[in-house]
Each structure stands twice: as C-alpha cells, then as structure tokens.
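There are 4 protein chains.
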Amino acid sequence: MIGGGQGAFIGAVHRIASRIDNEYQLVCGAFSSDAERSRASGLLLDLPAQRCYASWQQMLEQEQALPAHERVQVICIVTPNHLHFEPAKQAMLAGFDVILDKPMTFSLVEAKELQKVVEETGRLFCLTHTYTGYPMVKEARQLVKSGKLGEIRKVYVEYPQGWLSTFVEGTNNKQATWRTDPAKSGIAGAMGDIGIHAFNLAEYVSGVEVTQLCADINTVVKGRRLDDDGAALLRFSNGASGVLIATQVAAGEENKVKVRVYGENGGLEWQQEDANTLLVKWANKPAEIWRTGGGYTSSFAAHNTRTPSGHPEGYLEAFANLYRNFALHVKARQAGETPSPEVLDYPGIKEGVRGMAFIENVIASGKSTQKWTDFII
Amino acid sequence: MIGGGQGAFIGAVHRIASRIDNEYQLVCGAFSSDAERSRASGLLLDLPAQRCYASWQQMLEQEQALPAHERVQVICIVTPNHLHFEPAKQAMLAGFDVILDKPMTFSLVEAKELQKVVEETGRLFCLTHTYTGYPMVKEARQLVKSGKLGEIRKVYVEYPQGWLSTFVEGTNNKQATWRTDPAKSGIAGAMGDIGIHAFNLAEYVSGVEVTQLCADINTVVKGRRLDDDGAALLRFSNGASGVLIATQVAAGEENKVKVRVYGENGGLEWQQEDANTLLVKWANKPAEIWRTGGGYTSSFAAHNTRTPSGHPEGYLEAFANLYRNFALHVKARQAGETPSPEVLDYPGIKEGVRGMAFIENVIASGKSTQKWTDFII
Amino acid sequence: MIGGGQGAFIGAVHRIASRIDNEYQLVCGAFSSDAERSRASGLLLDLPAQRCYASWQQMLEQEQALPAHERVQVICIVTPNHLHFEPAKQAMLAGFDVILDKPMTFSLVEAKELQKVVEETGRLFCLTHTYTGYPMVKEARQLVKSGKLGEIRKVYVEYPQGWLSTFVEGTNNKQATWRTDPAKSGIAGAMGDIGIHAFNLAEYVSGVEVTQLCADINTVVKGRRLDDDGAALLRFSNGASGVLIATQVAAGEENKVKVRVYGENGGLEWQQEDANTLLVKWANKPAEIWRTGGGYTSSFAAHNTRTPSGHPEGYLEAFANLYRNFALHVKARQAGETPSPEVLDYPGIKEGVRGMAFIENVIASGKSTQKWTDFII
Amino acid sequence: MIGGGQGAFIGAVHRIASRIDNEYQLVCGAFSSDAERSRASGLLLDLPAQRCYASWQQMLEQEQALPAHERVQVICIVTPNHLHFEPAKQAMLAGFDVILDKPMTFSLVEAKELQKVVEETGRLFCLTHTYTGYPMVKEARQLVKSGKLGEIRKVYVEYPQGWLSTFVEGTNNKQATWRTDPAKSGIAGAMGDIGIHAFNLAEYVSGVEVTQLCADINTVVKGRRLDDDGAALLRFSNGASGVLIATQVAAGEENKVKVRVYGENGGLEWQQEDANTLLVKWANKPAEIWRTGGGYTSSFAAHNTRTPSGHPEGYLEAFANLYRNFALHVKARQAGETPSPEVLDYPGIKEGVRGMAFIENVIASGKSTQKWTDFII
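Protein chains in written order, with the UniProt record's numbering: chain A, 1 to 377; chain B, 1 to 377; chain C, 1 to 377; chain D, 1 to 377.
If you're looking for bench data, these hints aren't it; they were derived computationally from the structure. Please read these numbers as outputs of a predicted model, since none were measured by experiment. Treat the hints with care, since some could be wrong.
Identical copies look the same in the list; a pair holds intra-copy or inter-copy alike.
[Stated by the list, open to error] Derived lysine-lysine pairs resembling DSBU-like cross-links, with alpha carbons at most 35 angstroms apart:
| no. | residue 1 | residue 2 |
| --- | --- | --- |
| 1 | Lys184 | Lys89 |
| 2 | Lys350 | Lys371 |
| 3 | Lys258 | Lys184 |
| 4 | Lys367 | Lys331 |
| 5 | Lys112 | Lys285 |
| 6 | Lys222 | Lys112 |
| 7 | Lys258 | Lys371 |
| 8 | Lys285 | Lys222 |
Based on the provided sequences and hints, a complete structural model is requested.
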C-alpha cells in the first residue's frame, strides 16, 4: 500500500475492503511521504519493520528484489490525487498489478499516459469507483442491458454532500485541506471528488456514454480555492439526455448518491442510503422492489453478495467487491484461466480515462460561455 | 365555472376543492364551448337549467343582469390554456373575482395584459398553483424566511411524470391531446404543464427569484408537437443556483414533485408523495421530520390544515386551501377587513406573470446556443 | 346532524366528508345538548334558525312533520359514545337512514338492540370505520379475496398513538376528557377509541373473523379512569393467528395505523402514513408497490379514488368514500335499483356489533386470568 | 473455529466479521464432525494441514500442546445448537477464550452450567447476538439510559422472516433441516433461531428485563417438527409492557428485525432494513433522524462505526463490532488494562443464560393454559 498512513480516511477503507474476502494480505507499505510516519503506521498494522518503507520508490525497488513468493503482488495506491500517476506507472513498470483510488490521476494527460502504461506492460489495473461495486448497482446495469426498460431516454444522477458547507479547510481538517488544494487535487474540487463518481455511475448503469455537456460550476464558500458545487446537463451517445448534480455545500446531506435511469418502458432508481434495494418502475404495472440476495437477481448481483437477503451489506462490502473481483482476475491470470464476466466487471483504466476527461470537460464547460460542449478525450 | 364539463379532469378537482371548506356554492356554469354539452354537464351538477349557459360570454352577460344577491361572485376558469385570457379578462371587467387554472395565459403578452386588467379593475385573482397550497410547502417557505437555514445557496426542484412516455395523443386521450397541441397549450408542453409548477414551487419556497437560466428542452416521443421533457440550470437573485427538472417521459413515475433548498446552516426537502412531511436537515444535528398538524409548525401551516397530526391531507386539500384562502380574502374585502398574512398567502397575478415568463424564457433558452440567458419579463 | 357543535373534532370531519362528493347537503342539526350552543353552531354553518334544533328529539319530531321533499333524509350522529344508541334508534324508527360514528354504541347489549332496529325498520345504516374507506385498504381486501396470497396465516394490526401519554384529561382537553370518562366512553378507553378500528381493519382486510383472543389491557397514565394501552393475541376462524396492538401512550406517535396480512404465498402491508400505497410481497419474486390510481387496481379501489395516480388522497377522502357509497346506496334504493358491490362495500350494522363485541371481549380478556377466551357476541 | 465448514452460512459470516478489523487471524479449525470434510474446509481457508483438525476434541488437545505464542487464543464455535455446550465448556477449561454463536446452548440447564464454567475458569466469553452490534442499536440503548425518554413504558420488538413458509426442510436445504430438527435445535424452532434475537434486542435497548410473559406459539407449516411462528405479550421489571413477534412464515419478508421503545417523553425506533438510522420521536417536537457517524451520537455508537456518516455499514460490520470489542477485551486483559465501557458492551454469558431462559419460558408459556407465567431462570 502506498499512502493511507495514520489519520487517512480512505486508506483504512481500502484495508478493510481488502480483508473482507480474505483474498489479500497486507505485506508492505509506504504509508506516508514522511519516512518515520510511514514506519509508525506500518508497525501499527503489524507489518515487520523492514517492509515499512520510507518512500514508495524504495518500496518498489526493494520489493522487486525479493524472491517472487515473498514479493508483494498488488500495489494499492491511496495517496492524494497528485501522487497517483507516478507510483501507479512505476509500479506497473516494476511488474506489479495496481489498485488505484479515484480520480485516477492529476490530469487527463497523465490519465492517457497511464493508459499507455497499462497497455504496454499488460498489468492488471483497478480503479476504486466504489459505487459500481454495490450489487444493486450491478443489477441496475444488467437490467438496462437486458433491454427490458427499452431504449434509454433519461439519466439523472446526483451526489449531494454537506460537509464542505463551511470553510473547514481553515480548520485542521486534513480531508478538506488537500481536497480543496489545487496543487493536490487538480483543477477540480467537488467535481473531482464526487462529481466523478456520479459520472461513472451514470455511464455504468445506463450503458451509454456522455457525448456533450453544459455545466454550471460554482465555488460557493468564500475563500475556497476549488469548486464545491456544480451541475451539468448531459447528452448521451444514444440520444438520451440527463442531469448530473454534485455538491458539497448541501448542508445537512451526508453522501446521498442516487441514480435514476428511464427507458421507453420503465425506469430504475438506486440510492446509497438504501443500498440493498433497486426500485424498478414500469409504465403499466406496479413498481418492484428488487433486493440484494433476492433469488431473482442476476448472476452479477449474486456474485457480489455474501449474505442472504435481509442482511444489509454496505459501503465496505461494495468496496470489497472491487477488491475481490480484482483478486479473482489476478489469480485467474496466474492460473491461465479466463475469468467470468462477473469477475471482470470492475472499473479499470478505461473508466479512469473517461473520469479524468469528465473532470477536464466539466470544468471547461463551467468556464465556457458556449452552451453545449463536446465531451473530448 | 367556465370549462370543466363531463370528462374533464381538472374541473372536477376544482369543484371538490371549492366544496371542502364550504365557502363556495356552484351557482352557474359554461362548462363547454358546445352549448348542449354545457347544459348537460350543468344539469348533472344539479344546476337549474337557466344557469347552465351556452357560452361563457352569455354567462357573464346574464349573470351581470341578475340582482346582486343572486349573482355569481367568483368565476372559476378551468379551460385549456388558449381559453384562459379572454374569459378571465372579461370576467374581471364584468366585476367578478376570478380563480384561474395554470398556466395563466397562452402567452406572456396576454399575461401582462391580464395583470393590467387586475390592476385596473381591482378584482381579486387566484391562480391555482396547487403545490403551494400544501401546509408543509408553506412551512418550508416560512422556515426559509425565518433565516434559520441561513442564506439560501441551492435550490433543486423536480417534477417527473411518465404518462406521456408513449404517443398517447394518438389514442383517444383527451388530456394528452390538448396538452400536446400548440394551438391549445401554447409554445410549451411539459414546461407549461408541469415545469411551471416546479418553477413556482422553487421560487415560493426559496423566497428568491430566478434571474438567469440555461435550459435543455426535448421532445422525446416521436411525432409529438411540443416538448415533453426538459431541465434547466438556474441562477437566483441572491446568488444561489439550482436545477429544475420536469419531464413527462420518465416511464413509471406518477407525479413526484419534489423540492430541496439548502442554506448555509441546513436544508429542507418536501415531496408530494409524502406531502404531510417536511424534512429539515441541519449541518450539525439530526435531521428533523416536521409533520402537518405538529404543534411546532408555523401559523401558515396550521391555518391550512384541517385535522390533527397523523391524518393525512392530500392533493385535494392542498387545492382546497387555495380556494379557502381566496374566499376568505373575498369575504374580508366585502366586510372591509384586512385579511391575515396567512389568508393572503395564495398564488395570484404576480406568480402568473412570472410563470408565463418562465415558459417563454425556458423555451427560448432551450432553442438558444447561448449558455446563460437572462430571465426576462 | 346530531352532535358536532363548535369545538368538536369529528363532527367537522363528517361535514367535510359529506361535501367532498356533493352527495349531501346539511339541512338541519341538533349540534349540542345545549340548545343555545346548538343554535349558534347551526347558524355558523349557514343553516336557517328554524332548523337548528334544541335537541335531537325535537329535530326528529319536527323534521318528520315536514313535507317529504323538504325533510332531512339521512341523519348523521357524531356524539360521544353514550349518546349513540338512542338517537340512532329513534332516527331509524322515525324513518331516516343513519350514519353513525364508531364505536356503534355504549355497550354490546345496545349494539344488538340496534341491530334489531335496523332489521325491523329496514333503514340503511353506515358506521364510520374510516380506514376501510381508503382505496388501498379495499385493494388489500380484494387481493386477499382473490386467493393470490393463498390461505391467510398471519394478521398483524397496530394503532399506536401518543397523545394520551400524559394526563391531558386534567387539562382542558375536550377530546381527552370524554374519551377517558367511563360514563361517556363506556367500559373501554383506547380499545374503544382506536383498538376497535384496528380490529375492524384486521377482519376487513383478512376476510376472516376473530374467534379467540388473549389480551393485555393497561392503564399506563396515573389517574386515568380507562385503559390507554393494550395488545391482544388473536386466533381467527380459518386457523390463522395474529396480534393486535393499540396504544395511546406511545409518546411521539401520531396515528400510525398499520395492517399486515400473510398467506401461504405472500403478504401485504398498508399503513395510513403512506395511505396511497399497498405493499405486496411475494415469496419468490420482488415485492410490489401498488398505488392508488394505478391502472392495475381492482374496481373497488378505482371506485373509491377521485384523481389520477400520484395525487395523494388522504383521510378526508377515505371518510368521504363512506359517505359517498352510503349516498349511492340510499339513492339506488330510492330508484329501486341494486347497487354495485363496490357501493355496498361500506361498514354497517354487522361491523358495529362485532366492534362492540370486540370491546367487551378484549376488556374481559384483559381482566381474565384465563389465557384464551372465546370471542362471544 | 469449531464448525463452519463448506456450505455453512454463519461460519463464513463469523470469519468475515473476524477479519474486518484485523484483530484476528484464523489459525486452526475443526470445521466439521467429518474429519475429511474438516480438512478440506480448512485447506480452502489456507490453513496448514496440521491445523485442520479431525475433531474439536483433537483441536483443543493439540493446540494446548503448542507453545503459547503459536497456540490459538480464542475459540469460535459456530456449530448447530446441540454442539455448543460441550466444546465451549472444554475450550474454556482448556484455557481458551470463547466466541459462541446463539442460542448459547441446547437447554437452560446447559446454559447455567456454562455460566459456572465461565465464572470458575475466568475465561472471557462472547455470544454473537449480532443486532446489538449495530451502532444505532447501541445508540438506542444509550438514549434510554440517558433518561431523556423518561421511564420506559412500552417495548415492541418483531422479527418477521418468510423463508420457512413452505416445507423447505423436505428439500435439500441444510439451514432449514437442522433448524427444524429438535435433536439439533432444541425445544424451539423460530423462537430459538430468531425469537431469541428479538428478546435480546428488547432487553438490551430498553434496559429492563422481562419478568412475565404470555405466548402464542405455532407450527404453521404442516409436517414441521418445531415452532415456526409465535408472539408473546411481555411484562418488564419496571412495570413496562410489550409485545414480541417472531415468525418464519411471513411469506415475502426477509429479515426485518425492528424494535420500538416508548417512554414518558418520547420513543425510538430502529429496524435492520435501515440500520444506520435511529428514529427518535418526541411528544412535543419533531421526530429526529439520528444517523451512524453523526457527530452528535454517543461514544458507544462512535466506537462501533468505521466510516463517516453516509457510508452505510451493515450486518457484517455489526457482527465485526462484537468480534472487535471482544478482541480489545482480550488484549486489554493480557495487557493488564481495564477496557472502556464501550469495549465491554458486547453480549456475554448473562445474555446467554437469559436467552436460553427465554426459549424455555416462551415455549412453556405457549403450551400453558395459564395466561401470565413468570420468567424463570
């Protein structure tokens, strides 16, 4: 693991996710750019001192030198955005498979370069867009793919948060501080932190791609250096249209990701607050409540569920689904086997590039006086 | 009553609304442009034959000729949009107070002219934007006004319906037929039918006015002559921003009007499906469930509620609140009294003009390649 | 109308319910046992002075003396429980049809006598068990009757309120005062006020009758003279079992009536708080959300709905459904026609007798040391 | 681990729960009474062959013989009920701390004997009543303890499931087969499987103990050998009363555990389907939505939450909370430290004895013709 030392939020989440299905073992780490801090963090995680590295460069170098059966296999990178690209690239060049937190890189240029690295090294790559790990989100995608809803016409996605309603970066809030710092986050704040999740969710569930957008991007809180709010009108490859909302100043909201997709015959609705439910709506019959663990769900939902219906699985299990599928892919490749489509259904380099393109396109649109702008990669 | 003959939807709703609080008596009507049909409809409503008029012109003329104590006092107009302006204008010129269904007129030009008629005749005027009749919508407005949420920053409003997901105007659907006919509806379909409700709700609750917008207006169903779908990015007078969604092709949706408003300290959420509840969210304490009939609600909510908390009041009662407040205003004026602010809180000519401006502005923006357009009246 | 003078709750509700569908006109009343108060109440309701009677006896006498076309047709009685039986009996003997608020009488003995009066006079009789007037409650009954759920096994019904959590009868609360006074309420408090509704709802929806019960009846608030809380284990005629909960000391609850019924193949759930929804659950497929106004509902639900799906109808419309169906029955009889089953589906004398039997049985069981007691009429 | 071989449900859940917080490592197991099956299961779990034991007796013996630092520390027992007592007893006698699945033993006699073993050996003991591991259940308990709701008056708890609606034990359903077999389950079916959870939850949240009960216990499905349904009226030590419902024949229900507690001033409601929410209701102000991760929650909720508010944690995290607290207790004792009250808040031997007493009392009451029976331990 690179990053995720003491006090980090997402690092701990990654570690839990990796443990849930027993497919990973934490064997080494460069948990901080501060060598001492990295070492302390690693020891707290029961690592032997010699595998708590002073830097990620050191880690890659020394791990490569280990015999294959001792060597780390998958490198997980959970640093702030500006420290995604280089370690990811070097890890793959060093022969490791990589799990990387979103947004994939600091810029679209980096993203495309990383894509080349993936293609050239042939390493496996997973980007942790957590929400697509939820079984009912997978079910939603499968329902759209089945054609039962008919051609998709409308896609609404929203991600309201409230935690940046005040100038918390002025307090001692580590999470807020780097996320609102252009040098660490990149050109986007809310759009890069949560808008990108909404975008990924919209494309994943609807199965169609954004081709044009028209965005309103705002910095609501005085003194903030990046956007903390935005919305975009969307047009999709098949002619569908939609709306994306992402804000971090909806005071009182937690993390209420929600996606709705409507086709000619019906629609679907999923929201994280009720994550084990997929509402399926029909034009001429009662709406249905599809549930995690229900015997009627697709193999994609079933594959990503651990307990019988009625036992809520949550955010950590969704995260763990990414980890598990990636592990199964890694193992299958080692075994020379072809993984099932269910295993392969995790976000990777393509989603990463599109996500970075979203950031650049949505920020550009926000600044533009032109109404519709093409979604350019 | 003008319009609302057999088979009409909204005419029957108006009549129920007028009865609920016993403030009105139906005394005459021109229920259809077809004289025979008007008469038949009136008889079914237990009117004496001589007050079932062949036309609204006849009605105004003959009612004026009646002695004051027999004469109709309030004229309620529930015709399709193209037949709003002229009867409303003539009714006021003839000395009657008027209740008019939304959208107020066929065009903004008519709306402004009607505004002049109201000003010049001094007649009372009510426009039936039903959703602002709900007690918890009134509570929402009062909460914003109280300043407890702080300065308003975000306004999200949506009105998804699904009943026009197919080309129902090609079947024998009376409601769909006139609503999708430019000669009867005006320049807008979904925007004039439901978008205008969403717009009115957003301004009413937030207490701020739209100053700019950027709209995506679509005709999704093949062969349809007016828009059936749209969304708009909004900017408000106080610097707040927002999103308005209105669609009639969200297959499987009924009538799920919903409004969310966020200020510096918290937010609120109301949706028609759970009309007796107002969710109030705070940045640093638990969200609260405010309920119709709760002893803690404002005088505005209390005034518009008939039953103790726990007895759901619905759409018809919301409608009846408009009717009741208008009647109390009419009576107060007759008695030379000043009505309370609670009574005066019903939509009128100003909301009507802004609504028609919304229609013209949103449709224009939909056609424009310019991103933000000023909201012009 | 007998009872329902100024300050009464349920009288006003009855009047609204009677107006909604325009089938009734208030023509006379004895609104209070205080002649002056009765007169004042009637004048406020726009009645002519001569039809504001000093007593219900006077009303029956003088109305009988009027010519048939001027005479009141239906007598509606909304007095406290101890004043139900005599006016209802005399009204029927005087040739009027009767609408009576629940519980039907002061005692089971009176109830059985009233049943005889109904049988002997042949008058029509309606008891206002409001909850069975909700379209989705009717739908629930029809679903059970259809056999789709299979043989019914479990019936859970609950009615939690919180308004009697403190000794409010010690304050100036009119509603609480008579309801907790044995001389006015009868032998039961909560059981007679709301337990009886729960009982009626359980039998109506499940289509099976309680044959045995085992009750725990409590007076929780110190100083109270009647029960304010209870629960009962139930056994039904077909072998099903169930639980009934009714309490007025669930502090913080409003009026959350809820019924759940399970058969071999699935179950249903309805609650007043979301009155326009019926949840239908299946053993092996997704649960369904049936909605008022949905095209797939039975003729019984459709007949009792006024607006298209998505326009919430509430408590007052449920009440109005009782009134409307009774009016249609009265008119059909006058016209010598047979009403449809949908019209006839309103609570009457049979439900009244069973309800009074419930009160006596449940209170007796509460006092008994015997576990199961037969439900005796 | 004892039990939990291939095909077992709860064994896998225990293992996930043990991994989430990285406090445990699976080091050995006797996963099945079939030696070969045990070995195969262990190998699949990456255990070395020599620590996949042929029987739990062998495991205890051989592990005891290992040097302390290699030896297993905590024995987790996840066998069917009839195989709880003996291994738990022997494990403690052999010096190991024990985690045991519920119900604690096969009978109350065994339970009391196990209690003596705990007292005499001084070993630590955890019983996995999962629902009390949910942070919002802990919050509920703390809220009651704080006194803000006032003296508790009513306790309603319910646990409806539908998976035993048909004779599934006649099919090849392993879970159903042993649960409906008196030789493996004990004297109770539904009461021992889920009723005991409901009972534990009721006492845990309300902070008062059941002193009397009156139960209706049924075997609804033909041919079944144990109860699959029941309900009980409850009386509590402080004078409160309540109702417990547990059924496995509510066709269409999943696992909808729900508890409601009302005091003089307000009430609370928690249900597993919305596990991250605690509804707090007040007599005279709006109900509140308390959420996992909310800054206003108690130290008990906060201690048992991993992610910020808005990231749903579910059943596996609730389970993991038991595991983590037990581990922290074990470690604290090793370190000679006193654990915090938050750590000590996990179910143990006392809850186990009361749970077994519940089973015996509720089944006895179900058979009794006496109404109220004392809750005897």
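Hint by hint, here is what the structure shows:
1. Lys184 with Lys89: within (18 angstroms within a copy, 57 angstroms between copies)
2. Lys350 with Lys371: both (27 angstroms within a copy, 30 angstroms between copies)
3. Lys258 with Lys184: Cα proximity of Lys258 and Lys184: one copy only (27 angstroms, versus 37 angstroms across).
4. Lys367 with Lys331: Neither. Shortest intra-copy (46 angstroms) and inter-copy (54 angstroms) distances fail the 35 angstroms Cα cut-off.
5. Lys112 with Lys285: neither (46 angstroms within a copy, 44 angstroms between copies)
6. Lys222 with Lys112: This pair counts as within: shortest intra-copy Cα distance 34 angstroms, inter-copy 39 angstroms.
7. Lys258 with Lys371: For Lys258 and Lys371, both the intra-copy (26 angstroms) and inter-copy (27 angstroms) Cα distances are at most 35 angstroms.
8. Lys285 with Lys222: Between. Shortest inter-copy distance 23 angstroms satisfies the 35 angstroms Cα cut-off; intra-copy 49 angstroms does not.
In summary, the numbered hints that this structure violates are 4, 5.
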